[in-house]
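Based on the sequences and whatever the hints tell you, model everything.
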Amino acid sequence: EPEVTQTPSHQVTQMGQEVILRCVPISNHLYFYWYRQILGQKVEFLVSFYNNEISEKSEIFDDQFSVERPDGSNFTLKIRSTKLEDSAMYFCASSDILVPELHTDTQYFGPGTRLTVL
Amino acid sequence: TQLLEQSPQFLSIQEGENLTVYCNSSSVFSSLQWYRQEPGEGPVLLVTVVTGGEVKKLKRLTFQFGDARKDSSLHITAAQPGDTGLYLCAGAQAGGTSYGKLTFGQGTILTVHP
Chain A
1 EPEVTQTPSH QVTQMGQEVI LRCVPISNHL YFYWYRQILG QKVEFLVSFY NNEISEKSEI
61 FDDQFSVERP DGSNFTLKIR STKLEDSAMY FCASSDILVP ELHTDTQYFG PGTRLTVL
Chain B
1001 TQLLEQSPQF LSIQEGENLT VYCNSSSVFS SLQWYRQEPG EGPVLLVTVV TGGEVKKLKR
1061 LTFQFGDARK DSSLHITAAQ PGDTGLYLCA GAQAGGTSYG KLTFGQGTIL TVHP
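Keeping their order, the protein sequence lines are chains A and B. Taking the numbering used here, I'd label the letters of the first sequence as residues 1 to 118. Taking the numbering used here, I'd label the letters of the second sequence as residues 1001 to 1114.
None of these hints come from the bench; they were simulated from the model. Don't take every hint at face value.
Claimed, not checked - With beta-carbon atoms standing in for the labels, derived distance ranges:
1) Leu1003/B with Gly16/A: 32 to 38 Å
2) Leu1058/B with Glu3/A: 16 to 22 Å
3) Glu1017/B with Thr7/A: 39 to 45 Å
4) Gly1040/B with Glu1/A: 34 to 40 Å
5) Asp71/A with Val1055/B: 40 to 46 Å
6) Leu1086/B with Glu1/A: 19 to 25 Å
7) Ile20/A with Thr1051/B: 37 to 43 Å
8) Glu1038/B with Gln17/A: 27 to 33 Å
9) Pro1081/B with Ser27/A: 35 to 41 Å
10) Glu3/A with Ser1027/B: 27 to 33 Å
11) Thr13/A with Leu1086/B: 23 to 29 Å
12) Arg80/A with Thr1020/B: 24 to 30 Å
13) Pro1114/B with Lys83/A: 39 to 45 Å
C-beta atoms are modelled at their ideal positions from N, C-alpha and C, and glycine is treated no differently.
Put into structure tokens, the structure is as follows:
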């Protein structure tokens, strides 16, 4: 069964460093998302991406964050200058077509990248 | 800002008991998804409900979407220790300026004791 994959599974970085989290969405999917989950808290939406541009972003997704689909398979989240409070699990998700009546807006999640900022 | 209130936050029951988890909102969702999440892993989809009043069954799990598409419930019959885990509800909005962003509930940590 197709699945979303993410690398690395765990990233440790120093405060102020740049990190790039990578995702390979399900191959025929068109909508891509990043979410994060701080330990013990809710899963929070960061950004959605469609047709090679950001379609929606949350207040969390400030100028330090960027997303890119550099080729036909990868979807990346870059944090330019990491802060201690960026420590969290970051989940990538994808869905095919947003037609709720056809049950096709279901999002499938990757296993996550645990980011630890020291 | 959309909110999805999930309750209870913790549930500890004996094997064989029944349980219900609730998700409530004042917002209307185009669909609602239930996930199960193991520690250190990503949410794994259980079901998507789309139509108001819809009921879906997955073995001993029954999912219902409210008529107004603002609330949902997950009912587990004869719970087993293997059902232990974190259950998440997430509402989606599509159309207009929204591209399917999911709003998650706080999660319900279920523990089923043998």
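Now the hints, each set against the structure:
1. A hinted range of 32 to 38 Å holds for the C-beta pair Leu1003/B and Gly16/A, which are about 34 Å apart.
2. Distance hint check for Leu1058/B and Glu3/A: the Cβ-Cβ separation is about 19 Å, which falls inside the suggested range of 16 to 22 Å.
3. Distance hint check for Glu1017/B and Thr7/A: the Cβ-Cβ separation is about 41 Å, which falls inside the suggested range of 39 to 45 Å.
4. About 21 Å separates the C-beta atoms of Gly1040/B and Glu1/A, a value inconsistent with the hinted range of 34 to 40 Å.
5. Taking the beta carbon of each, Asp71/A and Val1055/B are about 42 Å apart, inside 40 to 46 Å as hinted.
6. The hint said 19 to 25 Å for the Cβ distance between Leu1086/B and Glu1/A, and at roughly 22 Å that hint holds.
7. Checked against the hint of 37 to 43 Å, the pair Ile20/A and Thr1051/B passes, with Cβ atoms roughly 40 Å apart.
8. Hint check: Glu1038/B to Gln17/A, Cβ distance near 29 Å, so the stated range 27 to 33 Å holds.
9. Between Pro1081/B and Ser27/A the beta carbons are some 36 Å apart, a value that agrees with the proposed interval 35 to 41 Å.
10. A C-beta distance of roughly 30 Å is found between Glu3/A and Ser1027/B, which places it inside the suggested range of 27 to 33 Å.
11. A hinted range of 23 to 29 Å holds for the C-beta pair Thr13/A and Leu1086/B, which are about 27 Å apart.
12. In this structure, Arg80/A and Thr1020/B break the distance hint of 24 to 30 Å, their C-beta atoms being roughly 45 Å apart.
13. At about 44 Å, the CB distance of Pro1114/B to Lys83/A agrees with the hint of 39 to 45 Å.
In summary, the structure is inconsistent with hints 4, 12 from the numbered list given earlier, while agreeing with the others.
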